[in-house]
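Asker: Given next are the chains, with one letter for each unit.
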Amino acid sequence: MSEVTSDGELILRTAGGDRSAFDDLHRRYARLVFGLALRRLGDRGRAEDAVQETFASIWRSAGSYKPDRGPGARWLYAVARNAIVDRARSRADVPAEIPERAAREPDEQGWIAWRVHRVLQELPDREREVIALAYWSGLSQSEVAEFLGIPLGTVKTRTRSALAHLADLLGEELA
Amino acid sequence: MREFHHIVDIDGLLPEEAARMRLVHDLLVEAGPPADLPAALERSTVPTEAQVIDFPLMPPRRWGAEGIGTLTEVLVSRPTENEIRPEYVAEWRYYYSSAAGNADLGRLQAQFDEYYAVLADNGVRVSYIEPPVPAIGACGWIKNPRHARPRRRP
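So the sequence lines, in the order shown, correspond to chains A and B.
This note's numbering applies: residue 9 is where the first sequence begins, and numbers increase by one.
This note's numbering applies: residue 1229 is where the second sequence begins, and numbers increase by one.
Just so you know, the hints here were simulated from the structure itself, not pulled from any lab data.
As the structure is a prediction and not an experimental result, all values here were calculated from the model.
Just so you know, not all the hints are guaranteed correct.
[Unchecked claim] Cβ-to-Cβ under 7 Å is the rule here; a few derived chain B residues that face chain A:
#, residue
1, 1236
2, 1240
3, 1242
4, 1248
5, 1249
6, 1262
7, 1269
8, 1346
9, 1347
Even glycine gets a Cβ: it sits at the ideal position worked out from N, Cα and C.
Chain B extracted, bound-state conformation:
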C-alpha cells in the first residue's frame, strides 16, 4: 500500500491542511480504483414505457359453461392487430406463437366472423367485447386480451 508521504508532498503545508489531506488519502485508499464500465452499460436505456390500459369491466355475472344444455349467450371479440405484432415472429417461443410467422389477420377475422354468424343463426346471443389495441402488460405484449379472465362474483 502506498504511504501518504510517498504520494503527497506536505512541505510547507500547515499541520491541519496536511491532516485533512491525509484523511482524503485514507478514503482514496479505502475506496480503491473505480471499476471500468462495460461497453454494454455505457448508454442508458429507459425501461420500455408500459401503456396502462383499462380493461373493460366485465358484467357482474359468470361466463362460460355452467352445465349441459343449450348455448344461449357467448362473449366474444374479433381478432385485432394484437394478434399479429412483429414481436411474436421475433420471439415466437416467448409469445407461444409460431416460427412460421403471424396469421393473416383478414382471414382470421373472416373465420371468427363466420363462426359468430353460425352461433347467431342458431339463436345464440353474441355479445362483443373490444380489447384495447395495442395491448401491453408488465411482461410484454398481450396477445389475446379477450381471454382475460372475467371477474368472478364473490
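Pulled out of the complex, with its shape left as it was, chain A reads as follows:
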C-alpha cells in the first residue's frame, strides 16, 4: 500500500519539467480537485474549469513548492483552493451563484474530504469497495455481502481492516 513516490517528490519532478510526474499527480488528484471544486462552486462546468486551472497552476508553479514547509498534499490543496476561489470570484462567471453550503463550508472541511478521498485511493481495491458500498451506497452489511457474493464475515473483516488502514494513513487528521 505504501507509495513508491511521494506527492512532494512528484511536485519537485514536475518543477523540473517531468511530464510523467505531472501525469501521476493528475491521476492522484484530478478527482479530488474536481470534488472540492464541485462542493465550492456547485456547478460541474465551472468545477471542470477549476480543475484545468489548478493543474495549469501546478505545472507553472511547482517550483515554488518547498518540501521543508509541509507535505505535498497541503501544497496541492492550497493551489487547488486558490484556483477554485479565483473561479468563484471571476466576474465572467458571476451568473452561477456560489451555493450557500459552499460559502459556509470552512476550509478545514474541504481539507478533510481532500485527505480522506486521497487515502482511500491507497486502499486495496477489495477494501475500498466495501467502504464505498457501506458508506455511500446505503447498503447494509448483509446487502454488501450479497452484492459482492462474499460471506458476511468477510465483509466485516474487510471493513475493519479498511478502517484500520485508513486510521494509519490519516494519522494527524485523527489527532
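Mind docking chain B on chain A? Use the hints.
Answerer: Positioned in the frame of chain A, the structure of chain B alone reads:
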C-alpha cells in the same frame, strides 16, 4: 446517516481500537462520497509550452511620424512564417485573420520587398528588424511581431 455500529463490527476489539475506528468513521461520513471525474478530465493536459522570446531591443529613439515633412527613415521587417500559421485558419476570428485562409507568403514578401524598394529608391533609409520565428506569447501566436511597440524614451 449510517450509524457506526451498523457498519463496523466492534466485537472483540479493544476500546482504543474501536475509538480509533469511530474517528475514521466520522471522517468518512463528513467527507461524503468522492466525486465522479468527468471523462474530459481523465487525462492530464500539460499547458502549452510558451517559447520565451527576446524581442530585439529597439534603438533608443522615437519611431513613427513626428510631423509633416520628408520621410527619411523607416523601420520595417519582411513577412515571415509567423503570418501563415495553420492556427490562423482554424481560429481566424481570434487571430483577426480571414476565413478565406492564409496569404501566399511568397507573394506577400515580394509585395513588401517591392514597397521597401520604392522607399529606398526615393532616398528613404530602410532599416530592417527581424522578428523571431515562430513567435508565441501568453495569449497565443503573435501574428505581427514586427508591430510590437517600440520602447519610448522616458
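Asker: Determine for every hint whether it applies to the structure shown.
Answerer: Going down the list of hints, with the structure as the test:
1. 1236: Hint holds; residue 1236(B) Cβ to chain A Cβ min 6 Å, cut 7 Å.
2. 1240: 10 Å, violated
3. 1242: Not OK, violated: residue 1242(B) not within 7 Å of chain A, min 12 Å.
4. 1248: It holds, given that the least Cβ distance between residue 1248(B) and chain A is near 5 Å, below 7 Å.
5. 1249: 4 Å, holds
6. 1262: 5 Å, holds
7. 1269: 5 Å, holds
8. 1346: Violated: closest Cβ of chain A sits about 47 Å from residue 1346(B), beyond 7 Å.
9. 1347: 44 Å, violated
In summary, the structure is inconsistent with hints 2, 3, 8 and 9 from the numbered list given earlier, while agreeing with the others.
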